[in-house]
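Kindly produce the complete structure, drawing on both the sequences and the hints.
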Amino acid sequence: MPERLKYHFEPKTGWMNDPNGLCFFRGRYHAFFQHFPHAPCWGPMHWGHAVSDNLVDWEELPIALCPDQPYDEDAGCWSGSAVVKDGKLYLFYTSVSEELGQTQSAAVSEDGVRFVKYENNPVIPRYPEDGGKDFRDPKVSKFGGEYLMVVGSGKDKTGKILLYRSDNLFDWEYRGVLYENAQYGAVFECPDFFQLNGRYVLMFSQMGLKTHSTVMLTGDFDGNKFTPLAEFRPEAGPEFYAPQTFSDAKGRRIMIGWLFRWGRKPDAGADYAGALSIPREVKLTGGRLTVLPVEEARPLLTDSDPFVTVKKNKVTVRCGGETLFEQQYENIGDIQFLRDTKTVEGFINGGEASFSVWFGK
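Going by this note's numbering, the final residue of the sequence shown carries number 1298, and the count climbs one at a time with no gaps.
One or more hints might be untrue.
Below, in silico cross-link-like pairs of lysine-lysine (DSS-like), each with a Cα-Cα straight-line distance of 30 Å or less [to be verified]:
{"hint": "1", "residue 1": "Lys943", "residue 2": "Lys1162"}
{"hint": "2", "residue 1": "Lys1249", "residue 2": "Lys1162"}
{"hint": "3", "residue 1": "Lys1070", "residue 2": "Lys949"}
{"hint": "4", "residue 1": "Lys1025", "residue 2": "Lys1187"}
{"hint": "5", "residue 1": "Lys1070", "residue 2": "Lys1092"}
{"hint": "6", "residue 1": "Lys1220", "residue 2": "Lys1249"}
None of these hints come from the bench; they were simulated from the model.
See the structure below:
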């Protein structure tokens, strides 16, 4: 069996992809994730579940959601989010069946471990006319006295983020297209929408591009439409995708993404695949966005790495004679690395840019 990662969560067995339902509940950090427990490859999706006291050491818990209802029994329980309300933990996910397609459903838990699906699922049974059949990854957050849900979609080769609102988490009103832009791709996945220092931030991943990438936009929100003012790329590495964020008890905005060896075979003999990135704190100061490992993980940072060279503002990651990553930056003032047994994550200029590379065999 290949060596496991020390500082990043990996499932005991089976496949994992997108982080889901990231939250802080009853004194612990919870990370759910897309999971197929029976093989290290994609299959009908479940929600795996892990908890941590410090965002570095993770304990895997029993599976939280299984595809066991008519509305999710085919492709399964796809990505989504979590909300804490009145001492309970609510999960929202995309339920997928041949009959209904992609719909949005909910589940609730008293203890954060055992979840009961809402009896009137799906809470959103069909995509709107200005959306498309790709209709997934609900992110629910509280804004003032109401709950807003953003859902990734696309139509006419234009990626879209759709907006819904609710007072009670079960009855959802469609508010329209929050944001759309064909230049970023035909379908947007894993959207996130939150505030930092009074500024609105919209984040989404771009489906179908040669490089699996994520866009963060800062801008204004009038209650229905988002107007971008600036663009940030939180990650340039080839193996980081579908990040999500949440706010913890300290008021930090924490991001976790999915690490995966895109385009390369799994480790020989491994009965598991995929990992979570190191949790990162997102900050916005004076219009400058930074993404750095959370304080709990910063003792792991180093100033050099044997697989990484930096020359004339170009970063190159090589292993076994193979160039795994190469990126030219405008200016590299400083760079730090977080090295694990099979991965390296780099953070440039105090977190203005970052990259993640999986090099293990």
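Outcome of the hint check:
no., hint, result
1, Lys943 <-> Lys1162, "42 Å, violated"
2, Lys1249 <-> Lys1162, "42 Å, violated"
3, Lys1070 <-> Lys949, "33 Å, violated"
4, Lys1025 <-> Lys1187, "20 Å, holds"
5, Lys1070 <-> Lys1092, "8 Å, holds"
6, Lys1220 <-> Lys1249, "28 Å, holds"
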